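Quick note: the sequence shown uses this note's numbering, first residue 4, plus one each step.
Among these hints, one or two may not hold up.
[Stated by the list, open to error] Computed spacing ranges between beta-carbons, pair by pair:
{"no.": "1", "residue 1": "GLN179", "residue 2": "THR329", "range": "20 to 26 Å"}
{"no.": "2", "residue 1": "VAL258", "residue 2": "ASP54", "range": "51 to 57 Å"}
{"no.": "3", "residue 1": "GLN48", "residue 2": "CYS347", "range": "42 to 48 Å"}
{"no.": "4", "residue 1": "PHE257", "residue 2": "ARG187", "range": "56 to 62 Å"}
{"no.": "5", "residue 1": "GLY65", "residue 2": "PRO175", "range": "22 to 28 Å"}
{"no.": "6", "residue 1": "ALA120", "residue 2": "GLN141", "range": "27 to 33 Å"}
{"no.": "7", "residue 1": "PRO175", "residue 2": "GLU354", "range": "27 to 33 Å"}
{"no.": "8", "residue 1": "PRO175", "residue 2": "ALA365", "range": "37 to 43 Å"}
{"no.": "9", "residue 1": "LEU63", "residue 2": "PRO175", "range": "21 to 27 Å"}
{"no.": "10", "residue 1": "GLU320", "residue 2": "GLY344", "range": "36 to 42 Å"}
{"no.": "11", "residue 1": "ASP54", "residue 2": "ALA346", "range": "42 to 48 Å"}
{"no.": "12", "residue 1": "ARG368", "residue 2": "CYS183", "range": "37 to 43 Å"}
{"no.": "13", "residue 1": "ARG343", "residue 2": "GLU320", "range": "32 to 38 Å"}
{"no.": "14", "residue 1": "ARG368", "residue 2": "ALA120", "range": "41 to 47 Å"}
Keep in mind that the hints were calculated from the coordinates and are not lab data. Just so you know, these numbers come straight off a predicted model, no measurement behind them. The beta-carbon is built from N, C-alpha and C at its ideal position, and this holds for glycine as well.
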Amino acid sequence: MKIRLWKRMKKTAAAAVQTARGRPMADVMQPPHWREWAVYDGLRQSIPVIDAAIGKIGRLVGGCAPICTDQQVQAELEAFFRDVRVGAAAHGMDAFIRCYLDSLLTYGNAVGEIVAAADGRSVAGLYNAPLSDVCIRQGTSPLEAKIYVYRDGVTPTPAPYPELLLFSALEPPPGQVYGCSLLRGLPFVSDILMKIYASIGQNFERMGNLRYAVTYRPGPDAPDQTGAKEIADSIAREWADAMDAARHGVIRDFVAVGDVDIKVIGADSQMVSTEVPVRQMLEQIIAKLGVPPFLLGLNWSTTERMSAQQADILTSELESYRRLLTPVLVKICTIFLRLRGYACGVDIVWENINLQDELELANARLTNLQADQLQAQLENRQEG
4 MKIRLWKRMK
14 KTAAAAVQTA
24 RGRPMADVMQ
34 PPHWREWAVY
44 DGLRQSIPVI
54 DAAIGKIGRL
64 VGGCAPICTD
74 QQVQAELEAF
84 FRDVRVGAAA
94 HGMDAFIRCY
104 LDSLLTYGNA
114 VGEIVAAADG
124 RSVAGLYNAP
134 LSDVCIRQGT
144 SPLEAKIYVY
154 RDGVTPTPAP
164 YPELLLFSAL
174 EPPPGQVYGC
184 SLLRGLPFVS
194 DILMKIYASI
204 GQNFERMGNL
214 RYAVTYRPGP
224 DAPDQTGAKE
234 IADSIAREWA
244 DAMDAARHGV
254 IRDFVAVGDV
264 DIKVIGADSQ
274 MVSTEVPVRQ
284 MLEQIIAKLG
294 VPPFLLGLNW
304 STTERMSAQQ
314 ADILTSELES
324 YRRLLTPVLV
334 KICTIFLRLR
344 GYACGVDIVW
354 ENINLQDELE
364 LANARLTNLQ
374 ADQLQAQLEN
384 RQEG
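My request is simple: use the sequences and hints to build the entire structure.
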């Protein structure tokens with residue numbers, strides 16, 4: 004594989020990153036799902052809970068390490084895993100996997116590229132390709148997905164080195180190439196939630212900024228009846244001066260003669276309670292994301308037992324994401340080893356998800372050892 008890749012690169016002078024969209028007329032053609040992806044971007048920007056949940060999933064997936072069957076190559080593979088360049092400003096496999104998983108969860112698909120060195124003898128870096136710069140189509144076989152790139156910015160053409168490309172789809176429908184976003188089904192619920200938040204903001208603009216109703220009732224005396232308009236104008240002028248002085252930090256009393264009533268507009272009305280509908284919408288969102296609410300700062304009533312069960316469910320979710328990422332990591336490491344001239348295999352070992360899992364595993368091992376010890380003591384007593 005190393006010799007074949009090196010010969011192909013030597014024959015054709017291609018760009019270092021083959022999935023980058025050509026600049027001329029780059030915005031003319033859009034991928035088929037760009038409207039749907041724009042909606043998902045809007046959800047993450049508008050609702051912080053969604054963005055926080057996806058970010059926490061990426062961090063909770065945890066780190067991993069490559070294990071090579073040849074111990075002489077292990078150090079070189081670990082150095083590659085730790086120092087590989089990712090994009091223009093990052094290093095390390097963790098940075099690549101974090102961005103790759105973020106795209107996979109948000110859009111349902113993720114595309115990456117292994118950028119080979121100029122001499123074809125190593126891997127120069129890894130590149131997370133924007134989905135807007137590529138087009139994924141079904142190949143000649145239903146079991147094959149082909150990635151097309153926009154070399155001229157308009158026409159999709161097959162990637163010149165497909166063996167260097169990485170592609171993952173999240174739960175694609177039967178017969179489809181594109182996967183389904185984790186946010187699928189949330190636009191309707193999120194739209195209702197945003198309407199509730201918008202109405203809360205409007206109500207606070209109306210009721211939070213106090214407005215006053217100053218009512219003057221002329222008395223039965225003749226002067227009040229004849230000069231009611233002049234008195235009302237004077238009261239309005241004095242009230243406006245008092246309010247303007249308060250804006251500048253000056254305390255000024257308002258003095259009026261006669262029957263004058265001052266009330267806050269809307270003081271008798273109450274704001275509609277939004278706690279129940281907001282929680283119902285957030286429950287739907289969190290149920291779709293699979294992240295326990297206590298990890299997102301939502302102080303809902305829950306018991307320790309319920310939190311432990313939710314943590315177990317989250318652990319199973321993270322394990323499923325790891326199973327999606329493991330083949331990608333194995334392919335990256337395998338190509339690196341082949342370009343370096345090694346024929347050994349590689350495996351990926353993930354860290355425990357959190358310290359709570361390690362504590363539970365330690366307690367389980369301790370319980371098993373205690374049970375074995377008690378069983379051995381009972382057997383010795385029976386023999387004695």
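Here is what the structure says about each hint:
1. GLN179 to THR329: 20 to 26 Å: Holds: the Cβ-Cβ distance is about 23 Å, inside 20 to 26 Å.
2. VAL258 to ASP54: 51 to 57 Å: holds, 54 Å
3. GLN48 to CYS347: 42 to 48 Å: holds, 45 Å
4. PHE257 to ARG187: 56 to 62 Å: Taking Cβ atoms as reference, PHE257 and ARG187 lie about 59 Å apart, which means the hint holds.
5. GLY65 to PRO175: 22 to 28 Å: holds, 25 Å
6. ALA120 to GLN141: 27 to 33 Å: Since ALA120 and GLN141 have Cβ atoms about 32 Å apart, the given range 27 to 33 Å holds.
7. PRO175 to GLU354: 27 to 33 Å: holds, 28 Å
8. PRO175 to ALA365: 37 to 43 Å: With Cβ atoms ~39 Å apart, the hint holds.
9. LEU63 to PRO175: 21 to 27 Å: Once the Cβ atoms are compared, 24 Å apart, the range 21 to 27 Å for PRO175 and LEU63 holds.
10. GLU320 to GLY344: 36 to 42 Å: holds, 39 Å
11. ASP54 to ALA346: 42 to 48 Å: holds, 44 Å
12. ARG368 to CYS183: 37 to 43 Å: holds, 39 Å
13. ARG343 to GLU320: 32 to 38 Å: Cβ of ARG343 to Cβ of GLU320: about 35 Å, so the range 32 to 38 Å holds.
14. ARG368 to ALA120: 41 to 47 Å: holds, 45 Å
Comparing the model with each numbered hint stated earlier shows that all of them hold.
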